[in-house]
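Asks: Chain order of the listed sequences is S and P. Sequence positions in the first sequence follow this note's numbering and run 1 to 309. Sequence positions in the second sequence follow this note's numbering and run 310 to 577.
Simulated from the structure, these hints should not be mistaken for lab results. There may be inaccurate statements among the hints.
Stated by the list, open to error - Covered stretches of chain S (chain P as the covering partner; in silico rule of three or more C-beta atoms under 8 Å from a C-beta of chain P):
| # | stretch |
| --- | --- |
| 1 | 90–101 |
| 2 | 136–143 |
| 3 | 151–157 |
| 4 | 217–225 |
| 5 | 233–242 |
| 6 | 273–281 |
Fair warning: this is a prediction, and the values are worked out from it, not measured in the lab. For every residue, glycine included, the Cβ atom is placed at its ideal position computed from N, Cα and C.
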Amino acid sequence: MNLFHRYLAQRLAASLVTLWGVSLIVFLMVRLLPGDPARMIAGLLASEEETTRIRVQLGLTQPIHVQYGIFMSRLVRGNLGVSARTSRPVASEVLERLPNTLRLVVASSVVATAVGMAAGVMSAARPYSLFDYGLSVVALFGISMPVYWLGLMLIIVFAIQLNWLPAAGADQPGSLVMPALTLGAFSMAIVARMTRSSLLEVLNQDYVRTARSKGVRETVVIIRHALRNALIPIITAAGLQFGSLLGGAVLTESVFGWPGMGQLLVDSIFSRDYPVVQGIVLTFSTLFIATNLVVDLLYAYVDPRIHYG
Amino acid sequence: MVGLALLVALLVAAAAAPVLTNQDPEAQSLVQALRPSSWGHPLGTDHLGRDVLARLLYGGRLSLLIGFLAVGVGLAAGVPLGAVSGFRGGLSDLVVQRFADILLSFPGLLLALTLVAVLGVGLQNVIISVGVGAVPSFIRLVRGSVLTIREQAYVEAAEAIGQRPTVIVFRHVLPNAVAPVIVQATLNLGSAILLAAGLGFFGLGVQPPTAEWGAMLGEGRQYIFRAPALITYPGLAIFLAVLGFNLFGDGLRDALDPRMRVHHRETL
């Protein structure tokens, strides 16, 4: 087993432990509800029969260690339980919404990386210029702006006043534009800042000076010589942002009525459909842990200077 | 300085709410609903005829208070856990770090939403839900500082004269780890306000009729076509508060850690 494989095994094991911890929290979630969880889920006006049905459905009549055993054995087979509201399998409800959430997150990630990198490169090419200071202000605004407010402001301008884009939904042409921009704004700012600082560091290296002294054009110096070597921290930042976009998706989906997992999560919290809440939290966290693991491994694989361990 | 000025302005406006307006933020008058700006209501009225300026000023008190208390929760739990983790090492370190990893594996808002789903809505539960999210950043930060500080000669000297570990940690180690914690706490204030307002936006935060910036935005979105101002003002207030804390946090970091000043300038 070489060093990289050992590092891979260690990171995989750590991620599995974290995932187990998340599943434990998700399991305890329903059991920690104040009062009788079945009554909470059924609602105060529900009949005793209905409450008992939910209690049995959730396995709450069993001792807690038995409940945990059943929960875990179902979980490893991909069985997330049954929705208290629709009586459909939670896995089906989640899988129906997952592609929409991934579509939104991937689109935001692409926009954030492309625009952020372009802005960062232009800024680093002319440091301390008007554009550079302008980007600094825009990036600061980007990380301070509430996602939900930005979304609403875009709706006012582009859907209500200009009537260019649909205000909500996912099935019309252009539906993805505003949600993707809204969700990607924060990450765009982070990627722009990271690209600028990483590129500035590389532009001070000797080999860049050599390339310039040979008369290579500045665009070629930046794109071919400097950016290629500045890419590793930028890719890492963009990759880690993909994970954080999953969290932001909950708010963005709610603002734009986007039919994804975030929207379903909020609806399920209001209707006290805890099995669905559990399923979505687990899915989001698994995706988040998996993304961070892949970024970590890519980073270690791509950069030969990394010491594993 | 800009950040500090922004924060002072917001804090003064919130504190002086009764002086700046004589309107009751919760007084309803349906005949006055969705009115535009006027002398009596400088920022207009909402869907229940309540004065928007009064709700903004009184709401600021609550939004800022939630931010401060949530970060307080993060500090109260994160600093001792980070100190124990860094100072004792071994099994304590392993357990605390795995705990932090688990908390960090809930993306952003999801942890707060999960906790609110369990604890229920309301002021106290919002503070706890947002505060728990801040715990791992303090654990990581304090652990890192403690790992460095515990190798210092004065800590060794304190151990040599037989001082108890608790005394060493609280009297000799933690006071030397305060600067980065203050910076982190300031930066966390911005995110705590954003997160709490996010919960309020969903209707899972402070409950009506109490004014809070996030809740105002959430209520106002239903009238986005008729009265866009209802979402413009509270959103602007949240934005300015977060911007203020981010700028002030950056400034503090520059002032408290001269090594960061050079790095920070390079990273925009």
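Asks: Taking the hints in turn, state whether each one holds.
Replies: To see whether the hints hold, each was checked on the structure:
Given as covered by chain P, the stretch 90–101 of chain S fails the check, having 0 residues with a CB less than 8 Å from a CB of that chain where 3 are the minimum. Evaluation of the coverage hint for the stretch 136–143 of chain S: fulfilled, as 5 residues show C-beta separations to chain P shorter than 8 Å, against a requirement of three. With 4 residues bearing a CB less than 8 Å from a CB of chain P, the stretch 151–157 of chain S meets the requirement of three and the coverage assertion stands. Three residues within the 8 Å Cβ limit are the bar, and the stretch 217–225 of chain S against chain P gives 0, so the coverage statement is violated.
For a cut-off of 8 Å, the count of residues in the stretch 233–242 of chain S with a CB near a CB of chain P stands at 0, and the three-residue condition is violated. Evaluation of the coverage hint for the stretch 273–281 of chain S: fulfilled, as 3 residues show C-beta separations to chain P shorter than 8 Å, against a requirement of three.
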